[in-house]
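Enquirer: Listed below, chain by chain, are the residues.
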Amino acid sequence: MREIDVSFVSTAVKGLFLKANTSIGQDVYNALVTALEKIEESPVGRRVLEQIIKNHDAARATGMPICQDTGMAVVFADIGQDVHFTGGDLVQAVNSGVEQAYSEGFFRRSLVRDPLFDRTNTGTNTPAVIHTRIVRGERVHILITPKGFGSENMSAVKFLTPAQGPEGVRDFIMDTVKAAGPNPCPPTIIGVGVGGTMELAAIMAKRGTLYTVGRRNPDAKYGALELEILEAVNNTGIGPGGLGGRVTCLDVHIDFAPGHIAGTPVAVNICCHAARHAEITL
Amino acid sequence: MTGPRMMSTPLSAETALSLKSGEAVLISGDIFTGRDAAHRKLDDCIREGRPLPFDIRGQVIYYVGPSPAPPGKVIGSAGPTTSGRMDPFTPALLDLGLKGMIGKGTRSEAVVQSMVRNGAVYFGAVGGAAALIARSIIQADTVAWPELGPEAVFRLTVKDFPAIVVIDAFGNDLYRTEPPKYRRESRR
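Sequence lines, in order, name chains A and B. The numbering used here puts the last residue of the first sequence at 345; the count rises by one with no breaks. The numbering used here puts the last residue of the second sequence at 367; the count rises by one with no breaks.
It should be emphasised that the hints constitute simulated quantities derived from the structure, not laboratory data. Check the hints yourself; a few may be wrong.
To be verified - In silico lysine-lysine, PhoX-like type, Cα no more than 20 Å apart, as pairs: (1) K101(A) <-> K360(B); (2) K360(B) <-> K241(A); (3) K117(A) <-> K338(B).
Remember, it's a predicted structure, so these values are computed and weren't measured experimentally.
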């Protein structure tokens, strides 16, 4: 058994949010540069891509957040079953790390305590949305994303009949993308969860938005479906910023889980081009 | 594509009518911020017959909730938010003389009709380009409702704020006209 003091988790979470909000991953950056230099035909689309890339450079140089919507804090923690946390409450430790990052980084706090009746800001950008899994071993893997809501708002869940198959999944993703139009800040990254229950599909979809650009599902059939849907999304012409063009999406990531004989939930989670995430193994 | 057109606020009726969908612009002058909570309060003012906290005639509203200003800066990152959420409140503001809006994303048919009726323009800023846009903001003063935090109404003095005319005063809408040009058939 390994003991980990929760203050160590706080420090890690703080560092991850400070990094993710101000410095885009190299995979996303490279995909944007490729889109500008090799793919985009639309003059307006190219202007938008240029600004997006310049913005990433400005954020890295100044430590200013990439987007003013520094998001809702989402934390995936895979916790080894041989780990024993000491020194306090794990959830409080994660929230403390988020709070410190948003304070020290001058990030916008975007949470209200009650969505309907008391829309008072919590003042800390907490509570974080925390997804834990117990895994083998004595390590802790933490993956975080500050999730912006321009794109989160354009996400959707639907239940398909088993007979609808991959065609049904494809049609639902395309309907979601077309309904979203310019609103989720394309070029996007689309995470899709298929199978399981409603909440499992949604969690898979969220994880899907965090995979490295260019990563393919190791199951060849799903990998091919990812590429087919990516092409179809880019053929909508929605383009960068939704102002027309050939680059609407940087990648599509589909994960699946065993499903019930009676139904197939499909969750489509859209992430904007500011696809911010960071991870660490403790 | 030619270089962007320099323009200043407030917007005269002539300037608003001369701007064409698809034109890139650099905006200089004062603009006002306002997003969800501020629009609700502006709407309350109108319905209750109270004056708005600023003279809206000829002005431009930027849909933004900036991140806090770090030391030595006038404002934090400040990119546009999704404009559609302000659609229900917008025609009434246009009827009072609002001439321009800056945001991202589509507008409702009711907003476009009101823009045409009132000779107003909708500018698109690049969503997510928030650190870059912040560089064009040289002053920020609170005008109303500081208790709303990032959702308060600020007067921003901007220099060369980069935007694109998305919907002009004649109802031409780049979100409708451009994507079909780049649409392709997909294999099935």
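Enquirer: If a hint holds in the structure, say so; if it does not, say that too.
Expert: Right, here's what the structure says about each hint:
no. : hint                : in the structure
1   : K101(A) <-> K360(B) : holds, 18 Å
2   : K360(B) <-> K241(A) : holds, 15 Å
3   : K117(A) <-> K338(B) : holds, 18 Å
The earlier numbered hints are all upheld by this structure, with none contradicted.
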